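The listed protein sequences derive, respectively, from chains A and W. Residue numbers for the first sequence follow our numbering, beginning at 1 and rising by one. Residue numbers for the second sequence follow our numbering, beginning at 1 and rising by one.
In case anyone wonders, no lab produced these hints; they're calculated from the structure. All figures in this text were calculated on a predicted structure; none of them were measured in a lab. Please note: incorrect hints may appear among the correct ones.
Simulated coverage check for chain W against chain A, where a stretch passes if three residues somewhere in it have a Cβ under 8 angstroms from a Cβ of chain A [what the hints assert, rightly or not]: (1) 30-36; (2) 158-164; (3) 220-229.
Label-pair distances were calculated between CB atoms; the ranges are [stated by the list, open to error]: (4) W:G226 with A:L105: 49 to 55 angstroms; (5) W:G163 with A:S303: 28 to 34 angstroms; (6) A:R277 with W:S125: 28 to 34 angstroms; (7) W:N83 with A:I135: 34 to 40 angstroms; (8) A:A337 with W:P166: 34 to 40 angstroms; (9) A:S303 with W:K5: 46 to 52 angstroms; (10) A:S102 with W:E108: 34 to 40 angstroms.
Here a beta-carbon is modelled for each residue, glycine too, at the ideal position from N, C-alpha and C.
Residue strings, one per chain:
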Amino acid sequence: MSKYFILFKTMLKNTFNIIDTKDKKNGKRILFIVFIAIALAPSIISFGFLTREALFMLLPIQQEGLVISLLFLALSTVIFFMAIFLVPAIYYFSKDSETLLSLPLTPDAIVLSKFSLSMVYEYLTIFALSTPVMIGYISIMNPNILFYLMLVLILLTIGIVPLAFAGLIIMIIMAFVPFFKNRDFFNYASGFLALTFAIGINYFMGGTATLDQNSLIELLNNGNNSLLGIMRIAFPNIPFAISALVHLNLIDFGIYLGITAVILAIFVFISKLVYFRGVIGVNETSASRKNLNLKDYNKITSSKGVIFSYFVKEMKLMIRTPIYLLNNISTVVLIPAILAVTFVSGIGADDEVITLINSIDWSSGSILLIITFAGFVIGIMMSSLNLITVTSLSREGTNIYFMKLIPISYVKQIQAKILSGIVVSFVGILFMLVPAWLFFSIKLHLVFFAFIASILGMILINYLGMIVDLIHPKLVWEQETAAVKNNINSVFTMLPTFALSFGIFFLVPYVPNTISSVLIFLVILTAIDVWIMQFTHKLSIKQLHNLEI
Amino acid sequence: MIEIKNISKTYSGKVKAVNKLSINVEDGEIIGFIGPNGAGKTTTLKMMTGILNPDEGEILLNGINIQTNPIEAKRQFGFVPDNPDVFLRLKGIEYLNFMADIYDVKDEDRRERISRIADIFQMTSALNDTILSYSHGMRQKIVMMGVLVHSPNIWILDEPLTGLDPQSAYALKEMMREHVAQNKTVFFSTHVLEVAEKLCSKVAIINKGELFYFGTLESLKQQYPGLSLEDIFLKVTNHE
Numbered sequence: 001m002s003k004y005f006i007l008f009k010t011m012l013k014n015t016f017n018i019i020d021t022k023d024k025k026n027g028k029r030i031l032f033i034v035f036i037a038i039a040l041a042p043s044i045i046s047f048g049f050l051t052r053e054a055l056f057m058l059l060p061i062q063q064e065g066l067v068i069s070l071l072f073l074a075l076s077t078v079i080f081f082m083a084i085f086l087v088p089a090i091y092y093f094s095k096d097s098e099t100l101l102s103l104p105l106t107p108d109a110i111v112l113s114k115f116s117l118s119m120v121y122e123y124l125t126i127f128a129l130s131t132p133v134m135i136g137y138i139s140i141m142n143p144n145i146l147f148y149l150m151l152v153l154i155l156l157t158i159g160i161v162p163l164a165f166a167g168l169i170i171m172i173i174m175a176f177v178p179f180f181k182n183r184d185f186f187n188y189a190s191g192f193l194a195l196t197f198a199i200g201i202n203y204f205m206g207g208t209a210t211l212d213q214n215s216l217i218e219l220l221n222n223g224n225n226s227l228l229g230i231m232r233i234a235f236p237n238i239p240f241a242i243s244a245l246v247h248l249n250l251i252d253f254g255i256y257l258g259i260t261a262v263i264l265a266i267f268v269f270i271s272k273l274v275y276f277r278g279v280i281g282v283n284e285t286s287a288s289r290k291n292l293n294l295k296d297y298n299k300i301t302s303s304k305g306v307i308f309s310y311f312v313k314e315m316k317l318m319i320r321t322p323i324y325l326l327n328n329i330s331t332v333v334l335i336p337a338i339l340a341v342t343f344v345s346g347i348g349a350d351d352e353v354i355t356l357i358n359s360i361d362w363s364s365g366s367i368l369l370i371i372t373f374a375g376f377v378i379g380i381m382m383s384s385l386n387l388i389t390v391t392s393l394s395r396e397g398t399n400i401y402f403m404k405l406i407p408i409s410y411v412k413q414i415q416a417k418i419l420s421g422i423v424v425s426f427v428g429i430l431f432m433l434v435p436a437w438l439f440f441s442i443k444l445h446l447v448f449f450a451f452i453a454s455i456l457g458m459i460l461i462n463y464l465g466m467i468v469d470l471i472h473p474k475l476v477w478e479q480e481t482a483a484v485k486n487n488i489n490s491v492f493t494m495l496p497t498f499a500l501s502f503g504i505f506f507l508v509p510y511v512p513n514t515i516s517s518v519l520i521f522l523v524i525l526t527a528i529d530v531w532i533m534q535f536t537h538k539l540s541i542k543q544l545h546n547l548e549i
Numbered sequence: 001m002i003e004i005k006n007i008s009k010t011y012s013g014k015v016k017a018v019n020k021l022s023i024n025v026e027d028g029e030i031i032g033f034i035g036p037n038g039a040g041k042t043t044t045l046k047m048m049t050g051i052l053n054p055d056e057g058e059i060l061l062n063g064i065n066i067q068t069n070p071i072e073a074k075r076q077f078g079f080v081p082d083n084p085d086v087f088l089r090l091k092g093i094e095y096l097n098f099m100a101d102i103y104d105v106k107d108e109d110r111r112e113r114i115s116r117i118a119d120i121f122q123m124t125s126a127l128n129d130t131i132l133s134y135s136h137g138m139r140q141k142i143v144m145m146g147v148l149v150h151s152p153n154i155w156i157l158d159e160p161l162t163g164l165d166p167q168s169a170y171a172l173k174e175m176m177r178e179h180v181a182q183n184k185t186v187f188f189s190t191h192v193l194e195v196a197e198k199l200c201s202k203v204a205i206i207n208k209g210e211l212f213y214f215g216t217l218e219s220l221k222q223q224y225p226g227l228s229l230e231d232i233f234l235k236v237t238n239h240e
């Protein structure tokens, strides 16, 4: 047990040291936290109000406990799915795995310390999800001190069961299914499953109507067969946690803790048996060691020109790194696919959006303004969601020194990086515009305006992404995931994108629907693009010159 | 030719990594840059290559200032860093071709060079595999090959022999000798004193950021009669 504490303490320190290095200046860090808090405040507040609304509806039918049920089941499910991706990275593919293997440590000490580290990661999710809901709940129910005590203990321990289940599944797969031991294959396979899951959820949610009090009662009456029931079986400790809080029942609270402890014990016991079997040799990479034939050799060694060669290098690294492929490039296919599935599955349903879309005469010229704005929104959305330019320096990690070493100007290098973002964004835009054009039979000249607006939007967001990454690159990381998924930089292109998307449609009623309005909009956009390009070029010289690692 | 004039570097405003260092390297010289861990060797090499900016002083490579004319200065040298883990998901051959593109190497030149150097380093059959699948020594070789493919005038190498097998280490040492025989320059850091002794025309000994000695080994030995290079090094680096 003492080895476990030493390991856990070291891992925790190492993780927080990394966080310290990336934000050297405390002032900058505080500013960051304040910005994020402000950015998230609307969602937190609206979640709180939503909880209050739900409680007002549930109180008359004495089902107020449903709020807690939903929260706990949502927490368990979300943590389980996050853990499915987190566990392989932390338990198997992290850089410390090989070092730990050579130390005289038992498998359960390693696994338990990594489990505890995952718990620390999950507390952020638990805190973010539960705070608004619980504030809403507490503001109406006014519970006593026992409730607060049990709530805190439950929130501290609720992650254990889903993490243990995810850990068990992954450990067994890694120990007994040999090809999953290839890190790249694992990332591709799990990523593919996640994407399928996302599209599937959209398909099934497509026809869901809004919930009113009658359908809610109906849902509750059929509760035994519902999704809720299945999830209760999946997480057997949760019903007792719910009952403990709703009825302030200490026995149920004890049973909750007991079940949690038993599942943790099973997890530790199994880890002793299977962890080493899976982790040994996990970071080996295969190679063919075959000579190139002359034709291929000559083909590969032909010159390409500096920017193009740099761009090809960027694309190859992105496509061959599973985490980057899934996060950066898959959006090109994923977002149009989700929209298509939502649209197709929603057809025939009494849905306001579909009715609105169908009510518009798409072949008419009177929608010029809307369609230009829509093109712009598609352009900025497809550019910000792929996270390419906004993480293009972060993805270099500590190898960013290479950019300072070679005789290519910083401006050219960032142009090549932006080009990779632009190409992917452009393909995404085509995947959105071409089907829309064919499906709604929009007139060609209208599509042309939408296309121009989308390209200008695409340039804007890709350059904005580069500015963000130039100002705050995340260069110290151990796992590629950290450079893309856990990189706060993406918020700084996402938020402006969402704000612009909503803002521009808010403007529609106030702007005359004429060709001159559209042209003025495009000219202003072009001017902004030209300015942002020049600004980015100047900034790149300054920032990269001063960057030291 | 390398002219390092009075350069200093302080990290985070506190730790003085390099202090008023000056070294003049003529064409046709192999310089061994030696010093204990943390002496400031890598910091100096990084300043020479434009990765770090000196707080004061200037560095000229073949007469070109790395700070005022960085692009042209960077064309003068090839650099092998101490950590060869770069672009791990590119194939060896793709990395070499990328480097050749960056330095505008003609197609026929790059083909001839890659094939010749791969043969010397016994890397021919590994070129079509990703660098990720290479051992540390093989990664070291591919980065070295990335330098050789554009045939720079000045080689700046940070611990280039670490991890190399005996054949490749021998081949690299021979290449260094041939390079300076053509009146070009090699500047490399090393911990292996025997290598410095056998290979270098001059050594630069750095300790705690300050240059302690720069000159030929013979004249150093004359200052400490009867002592081996190892003894001299230990004496010098322990000297306060």
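Q: Could you see if the CB distance from G163 (chain W) to S303 (chain A) stays within 28 to 34 angstroms?
A: About 31 angstroms separates the Cβ atoms of G163 (chain W) and S303 (chain A), which means 28 to 34 angstroms holds.
Q: Starting from the hint 46 to 52 angstroms, judge whether the C-beta atoms of S303 (chain A) and K5 (chain W) obey it.
A: Distance hint for S303 (chain A), K5 (chain W) is violated at roughly 37 angstroms.
Q. Does the hinted range 34 to 40 angstroms hold for N83 (chain W) and I135 (chain A) at CB?
A. violated (49 angstroms)
Q | Assessment of proposed distance window 49 to 55 angstroms (beta carbons of G226 (chain W), L105 (chain A)) | A | For L105 (chain A) against G226 (chain W), whose Cβ atoms are near 50 angstroms apart, the range 49 to 55 angstroms holds.
Q) Is the hinted range of 34 to 40 angstroms satisfied by the C-beta distance from S102 (chain A) to E108 (chain W)? A) violated (48 angstroms)
Q) A337 (chain A) and P166 (chain W), beta-carbon distance inside 34 to 40 angstroms? A) violated (55 angstroms)
Q.
Tell me if the beta carbons of R277 (chain A) and S125 (chain W) are separated by a distance inside 28 to 34 angstroms.
A. holds (32 angstroms)
Q | Proximity test - 8 angstroms, beta-carbon atoms, the stretch 158-164 of chain W to chain A, at least three hits | A | violated (count 0)
Q: Between the stretch 220-229 of chain W and chain A, see if three or more residues pass the 8 angstroms beta-carbon test, and mark the coverage as holds or violated.
A: That given contact is violated, which follows from only 0 residues of the stretch 220-229 of chain W lying within Cβ reach (below 8 angstroms) of chain A.
Q) Residue count check for the stretch 30-36 of chain W against chain A: does it reach three with CB-CB under 8 angstroms? A) violated (count 0)
Of the hints listed earlier, those the structure fails to meet are numbers 1, 2, 3, 7, 8, 9 and 10, in rising order.
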